[in-house]
Structure formats: C-alpha cells, structure tokens
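Engineer: Work out the full structure, taking the sequences as your base and the hints as a guide.
Read top to bottom, the protein sequences are chains C and A.
Heads up: the first sequence begins at 1 in our numbering, then just goes up one per residue.
Heads up: the second sequence begins at 1 in our numbering, then just goes up one per residue.
Certain hints may be false.
[Unchecked claim] Pairwise CB distance ranges (calculated):
no.	chain 1	residue 1	chain 2	residue 2	range
1	A	N22	C	S20	38 to 48 Å
2	A	D17	C	H79	23 to 33 Å
3	A	E15	C	S59	35 to 45 Å
4	C	N70	A	D2	29 to 39 Å
5	C	S62	A	D17	43 to 53 Å
Rather than coming from a laboratory, the hints here were simulated on the basis of the structure.
Each residue gets a CB set at the ideal place from its N, CA and C atoms; glycine is no exception.
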Amino acid sequence: DTEVTQTPKHLVMGMTNKKSLKCEQHMGHRAMYWYKQKAKKPPELMFVYSYEKLSINESVPSRFSPECPNSSLLNLHLHALQPEDSALYLCASSQEVRGGVAFFGQGTRLTVV
Amino acid sequence: EDKVVQSPLSLVVHEGDTVTLNCSYEVTNFRSLLWYKQEKKAPTFLFMLTSSGIEKKSGRLSSILDKKELSSILNITATQTGDSAIYLCAVVKTGNQFYFGTGTSLTVIP
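Structural biologist: Listed below in structure tokens is the structure:
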C-alpha cells in the first residue's frame, strides 16, 4: 500500500473562514510533508514533519498552521487566507532514512474567494 | 542557495520519438535524486538515484545520475501519447528536504 489520502479533494473558502486540510498514510513513514503547487509550476515545499515534530518551515506565513497529531496524520489549518493562496496543496510521506522516496496524495484544490 | 534546474522547459514530439530530459542541481548535503511524472494531480514516482553511473530502467524509461556533473537525465524511448505529462526531478537533502526542479512539460502528438 503506497497510498497517501488527502481530504477534501476540493475546497472553496472565504478570506475570513477557518478550514483544515487532512492527510493520512499507513505506510509507517515517519516523515510527512506539505507542498503548495500553483498552475504550471513545480511543487514548493512548505513544511516537513519528522517523527511527528516540525523539522522544516520554509518561511510559510502564519495563516498556514501545520499539525501532526500522530504518525499517520498530518493536518494543515487555514485561517484568513488570501486569494493568492489558491493552489493545489499536496501532502507526501517518506521513510525517515537516507532520502527515501516520497509518495504523494492526490492533493486538495483550494480556491480562496 | 540551492538550485534544481530542468531542461528543456517544454518539449513537443511525435509518437515513436526518443526524448532526453535533463536535471542539474546545486545543493548542499545531497542524498538522492528522484524523478516523478505528474499528469493531473499527484506526482507519481519513477526512479530514485543515489549512485553515479548506475542506470535505472523501467520499460521504455531509463535514468542515470552523474554526481561529478551534478546532473541526471531521464530517457524515454518510443514515446506514446500517454507519456504526455510534466516530468519533475527532485533532489533530497539531509533532513528529508525534497526540492523540485522547474519541471519539463512533455507533449507527445500522434
């Protein structure tokens, strides 16, 4: 099983809303990631969790708040987003050793109105 | 500053052609290089390369890493319309940081 599951698949939210993106994997991977991808651009790394601890924050604005409740789950809490935050948000996971392969979820297509 | 650059940015070929996609990198603490194919949503894994000069092969696709030249190539032979996608290379650094290149958009026309 190499599946990373993301919900919801699509999300439309207003600039004053609070919403959360969810990601789940059952591969026993201890590294999990959030990426943001704009149209016709490569994915940009946002956050890395390693053994449920935030290890990398790529200077992401505080309106994005990641959370890793346990080794299988990764959330991204959204608050007071801007229209330019509209993008595909991808979650990935990998084994925490020697640059293991990252497996990606199908993403959440977020539109901020 | 870390950089991962792919070339060409886009490519249009006819079915049956052979294509070579390039990825060059300048990163500190390199661990491995990965190739992904992205069609609609999630990038799907193709190859992981850690050692120089060892070719990885899967069907019509093959890839090789040159650590001296800090680069990798992805070859696709006898291209098919189903190969149309964006091909991404990603460099993995220590600390499990994955950084993607600019991507190559491949279009295969019948």
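Engineer: None of the hints should be skipped; say for each whether it holds.
Structural biologist: Each hint tested on the structure:
no.	hint	verdict
1	A:N22 - C:S20: 38 to 48 Å	holds (39 Å)
2	A:D17 - C:H79: 23 to 33 Å	violated (49 Å)
3	A:E15 - C:S59: 35 to 45 Å	holds (44 Å)
4	C:N70 - A:D2: 29 to 39 Å	holds (31 Å)
5	C:S62 - A:D17: 43 to 53 Å	holds (48 Å)
Hint check: a violation occurs at hint 2 only; the rest are consistent with the structure.
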